[in-house]
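Q: One letter stands for each residue in the lines below.
There are 4 protein chains.
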Amino acid sequence: MATIVVPSDLRDEVWRANRRLADAGLVTLSFGNASGVDRATGVLLIKPSGVPYDELTPGMLVAVALHDGRLVAGDMRPSSDLPTHLALYQRYPGIGGIVHTHSTEATAWAQAGRPIPAFGTTHADHFRGAVPVSRRLTTDEIDGQYELETGHVIIETLEAEDLDPLSMPAVLVASHGPFTWGPDATAAVDNAIALEAVAAMAFRTVTLDPDARPIADALLERHHRRKHGRGAYYGQGRR
Amino acid sequence: MATIVVPSDLRDEVWRANRRLADAGLVTLSFGNASGVDRATGVLLIKPSGVPYDELTPGMLVAVALHDGRLVAGDMRPSSDLPTHLALYQRYPGIGGIVHTHSTEATAWAQAGRPIPAFGTTHADHFRGAVPVSRRLTTDEIDGQYELETGHVIIETLEAEDLDPLSMPAVLVASHGPFTWGPDATAAVDNAIALEAVAAMAFRTVTLDPDARPIADALLERHHRRKHGRGAYYGQGRR
Amino acid sequence: MATIVVPSDLRDEVWRANRRLADAGLVTLSFGNASGVDRATGVLLIKPSGVPYDELTPGMLVAVALHDGRLVAGDMRPSSDLPTHLALYQRYPGIGGIVHTHSTEATAWAQAGRPIPAFGTTHADHFRGAVPVSRRLTTDEIDGQYELETGHVIIETLEAEDLDPLSMPAVLVASHGPFTWGPDATAAVDNAIALEAVAAMAFRTVTLDPDARPIADALLERHHRRKHGRGAYYGQGRR
Amino acid sequence: MATIVVPSDLRDEVWRANRRLADAGLVTLSFGNASGVDRATGVLLIKPSGVPYDELTPGMLVAVALHDGRLVAGDMRPSSDLPTHLALYQRYPGIGGIVHTHSTEATAWAQAGRPIPAFGTTHADHFRGAVPVSRRLTTDEIDGQYELETGHVIIETLEAEDLDPLSMPAVLVASHGPFTWGPDATAAVDNAIALEAVAAMAFRTVTLDPDARPIADALLERHHRRKHGRGAYYGQGRR
Numbered sequence: 003m004a005t006i007v008v009p010s011d012l013r014d015e016v017w018r019a020n021r022r023l024a025d026a027g028l029v030t031l032s033f034g035n036a037s038g039v040d041r042a043t044g045v046l047l048i049k050p051s052g053v054p055y056d057e058l059t060p061g062m063l064v065a066v067a068l069h070d071g072r073l074v075a076g077d078m079r080p081s082s083d084l085p086t087h088l089a090l091y092q093r094y095p096g097i098g099g100i101v102h103t104h105s106t107e108a109t110a111w112a113q114a115g116r117p118i119p120a121f122g123t124t125h126a127d128h129f130r131g132a133v134p135v136s137r138r139l140t141t142d143e144i145d146g147q148y149e150l151e152t153g154h155v156i157i158e159t160l161e162a163e164d165l166d167p168l169s170m171p172a173v174l175v176a177s178h179g180p181f182t183w184g185p186d187a188t189a190a191v192d193n194a195i196a197l198e199a200v201a202a203m204a205f206r207t208v209t210l211d212p213d214a215r216p217i218a219d220a221l222l223e224r225h226h227r228r229k230h231g232r233g234a235y236y237g238q239g240r241r
Numbered sequence: 003m004a005t006i007v008v009p010s011d012l013r014d015e016v017w018r019a020n021r022r023l024a025d026a027g028l029v030t031l032s033f034g035n036a037s038g039v040d041r042a043t044g045v046l047l048i049k050p051s052g053v054p055y056d057e058l059t060p061g062m063l064v065a066v067a068l069h070d071g072r073l074v075a076g077d078m079r080p081s082s083d084l085p086t087h088l089a090l091y092q093r094y095p096g097i098g099g100i101v102h103t104h105s106t107e108a109t110a111w112a113q114a115g116r117p118i119p120a121f122g123t124t125h126a127d128h129f130r131g132a133v134p135v136s137r138r139l140t141t142d143e144i145d146g147q148y149e150l151e152t153g154h155v156i157i158e159t160l161e162a163e164d165l166d167p168l169s170m171p172a173v174l175v176a177s178h179g180p181f182t183w184g185p186d187a188t189a190a191v192d193n194a195i196a197l198e199a200v201a202a203m204a205f206r207t208v209t210l211d212p213d214a215r216p217i218a219d220a221l222l223e224r225h226h227r228r229k230h231g232r233g234a235y236y237g238q239g240r241r
Numbered sequence: 003m004a005t006i007v008v009p010s011d012l013r014d015e016v017w018r019a020n021r022r023l024a025d026a027g028l029v030t031l032s033f034g035n036a037s038g039v040d041r042a043t044g045v046l047l048i049k050p051s052g053v054p055y056d057e058l059t060p061g062m063l064v065a066v067a068l069h070d071g072r073l074v075a076g077d078m079r080p081s082s083d084l085p086t087h088l089a090l091y092q093r094y095p096g097i098g099g100i101v102h103t104h105s106t107e108a109t110a111w112a113q114a115g116r117p118i119p120a121f122g123t124t125h126a127d128h129f130r131g132a133v134p135v136s137r138r139l140t141t142d143e144i145d146g147q148y149e150l151e152t153g154h155v156i157i158e159t160l161e162a163e164d165l166d167p168l169s170m171p172a173v174l175v176a177s178h179g180p181f182t183w184g185p186d187a188t189a190a191v192d193n194a195i196a197l198e199a200v201a202a203m204a205f206r207t208v209t210l211d212p213d214a215r216p217i218a219d220a221l222l223e224r225h226h227r228r229k230h231g232r233g234a235y236y237g238q239g240r241r
Numbered sequence: 003m004a005t006i007v008v009p010s011d012l013r014d015e016v017w018r019a020n021r022r023l024a025d026a027g028l029v030t031l032s033f034g035n036a037s038g039v040d041r042a043t044g045v046l047l048i049k050p051s052g053v054p055y056d057e058l059t060p061g062m063l064v065a066v067a068l069h070d071g072r073l074v075a076g077d078m079r080p081s082s083d084l085p086t087h088l089a090l091y092q093r094y095p096g097i098g099g100i101v102h103t104h105s106t107e108a109t110a111w112a113q114a115g116r117p118i119p120a121f122g123t124t125h126a127d128h129f130r131g132a133v134p135v136s137r138r139l140t141t142d143e144i145d146g147q148y149e150l151e152t153g154h155v156i157i158e159t160l161e162a163e164d165l166d167p168l169s170m171p172a173v174l175v176a177s178h179g180p181f182t183w184g185p186d187a188t189a190a191v192d193n194a195i196a197l198e199a200v201a202a203m204a205f206r207t208v209t210l211d212p213d214a215r216p217i218a219d220a221l222l223e224r225h226h227r228r229k230h231g232r233g234a235y236y237g238q239g240r241r
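Chains as they are written, first to last, in this note's numbering: chain A, 3 to 241; chain B, 3 to 241; chain C, 3 to 241; chain D, 3 to 241.
Treat each hint with caution, since some may be false.
When chains are identical, the list treats them as one kind, so a pair holds in a single copy or across two.
Pairs of lysine to any residue residues, derived as SDA-like cross-links and limited to a Cα-Cα distance of at most 25 Å, are as follows [what the hints assert, rightly or not]:
no., residue 1, residue 2
1, 229, 145
2, 229, 148
3, 229, 79
4, 229, 134
5, 229, 85
6, 229, 160
Hints listed in this document are in silico derivations from the structure and should not be mistaken for laboratory results. Quick caveat: nothing in here was measured; it's all calculated off a predicted structure.
Taking the hints into account, I'd like the entire structure generated from these sequences.
A: As structure tokens, then:
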């Protein structure tokens, strides 16, 4: 079988993505992880398991094959959440980066089993509707291939509401925490940061008014389209 | 048509204003923007769209003409919120700087559709009464010139309560977030920082006592006058 | 009249006290102030009015005479809260430093008009019982010598409950915020930091249990005596 | 009696553990303390009493004999909480490090007298079930050997629920705050950081849903076993 070469810019991007999780206060101790893939070479790079973020170097990232998870490069064990990442990459070809955190505000909604309502434009800029929460895993799923089943329940959650993963780049896994993704690892981190921000705002919003109304559909669409798709006019048009 | 020269001290002030938003934790990713104007030359300087704050240099700021928004200098696209800024500058000659953020605590009140009550002297030092929240935009307004209509609804909100924009330098736009302003960009940022602080205090105040009483009118006036107008005796008299 | 010399170690301590307020996140913009006195020379040093903390130098501190507030040294205007400080120093000879902030958590209790209950040992280590909140000032007091009346209402609050200012080194002024003090400016800042911490804990405690019970009297006394008075056995005995 | 030599790596680890408490924002002023023991030499190293964390040097740590608390090395007074630490080390041979803080979120639960429910996997990764809260100490216990009785009530709390201290490395002491521990001082700090994180998440969870359900038993066990015991597959297998 031919050797898979890990693109050096992917290694750099995934390393930066992991470091940004720590800098943004989304991860504590060694919780969480970021990964990225190069579809051309079929390689996935992910954080090694249990390594504190301030000790992480680009060379520690673990490379596996995207189609079967076989180790390609690296001396360390990959994140134990690798099967979750693989399931999502394999199901959704448009995804190039995935992030998992236990960030405080988003995890609270996951623990309460409540979707995060789309209360404002900050939310609409990143997520086209309420951020869904998965069902709880069954005992069989937990006792079986737990991390793979976590990937399956994320996919099930998106499909149950017919959601496009690039318009809804986040799911809260019940009793666990958020997974986010995007076209690349940088975008996945952006979405993890945005999710934590909207979770914090939504917590205060429902405390101030338990019956707060979601954003109007027209405004949700307007803000989402400002940033995404053909009519986007936010930013410098570099993406 | 004569060339408009952008005053270099304005460029410096607006750049610093944008950086202070990030340093104060009021903005995340590339959310938000600060602008400033020079009334003598009729120029408005604003943050370019979608640029992260730590990459922003003074030279990236975009200059437009105050009377019609025409590009005067700069290689980048201006913030998509430019029409909101223009509407406010054109309506209120006393305003020299405007800030827009999605800061967590103030945005929560905007999302809940509740004005922020004037509960204490911190509030009174900056805002002469409850900080108002706009009505929601109509679908026609959202689907039309959305950013311009956002400016119009801010003006409508101030005028409905007969508020002087220099005594009430903030409006919460419903389902969106706060806009603040002041005589210059520095003051606009000060007001954005103060607004976030009073929003955080007010959230805790209404949680501790849902029927908390606003500050007495006499105290509101006293604190406002300590800092503003002819009888001001706070500070070193430099402004 | 003889010249009053400002002790240089007092200048250094008061400057450090003001800087610590900013470093501890208790003050925003130019809110708040710290002062200290030297009883031997009868001098009071206080922050100048309206100066941002990161621009403050020791030489900017304003020196006034403790018995009448007359300017002794300094080129700047003293904090507008000077009359509050003077009233407290003149009434309580044991006080050597005073701090005023608008710190978020403590101010929320002041705005809600609720004393902060003594829920735990963190509280007891610094404050011998619930931290009291003053009555609201009358319109006459507000329209008259407002800052002096603020000092009077703090004293009235302590005396109404027969509190020793060194056992209860904090009062919340209603609709305003906390004042703290201590034997010197360093201790006054310590108490301001401790007050913000216990206010944050108490907010969460009453949210978790609206009927939470205060600490047992015996434990309140035990912890207070661990740190204060003849039987103190906390620390290195340096004070 | 033979001289006890303090292992230099223990001194370094305990010093780092104390500094990490400050860096992680778990301690304010001189609150809190970390200790560690070397079972072979029978020595316990602990923070000196009342020393601010940024002034702490490795040489200031106080060494005492593990079996009787007699001073072995050091010029300073040990933390006043030393008897609590001694009681736990003597009762549980598997413990190598202990941490005490007054961290805001965990202390709020201790003050409310509520155990922290196991709402999610972050919790399960560190604590095998709800983190228990002790009963209140009696007046006799408070007036007697208070710090020793604090150790006894922690042990009583663990034993009442038949908890293994290495599976439940934390107890909230009512009206006081959290104690955490682990195989060494580093692990004890990790658990203090994790406890503060889960306390913050749980506060938001019960605010969002007062009837939120704890994590399923199977998931609690799965996550705990991912990190602990023979079947552990999280991390690099270095521990």
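Q: Hint by hint, say whether it matches the structure.
A: So, going through the hints one by one against the coordinates:
1. 229 / 145: between (41 Å within a copy, 15 Å between copies)
2. 229 / 148: Between copies only: 14 Å across chains, 35 Å inside a chain, cut-off 25 Å.
3. 229 / 79: between (37 Å within a copy, 14 Å between copies)
4. 229 / 134: within (21 Å within a copy, 28 Å between copies)
5. 229 / 85: Answer is between; shortest inter-copy Cα gap is 17 Å, intra-copy 31 Å.
6. 229 / 160: Only inside one copy: residue 229 and residue 160 sit 21 Å apart there, 30 Å across copies, limit 25 Å.
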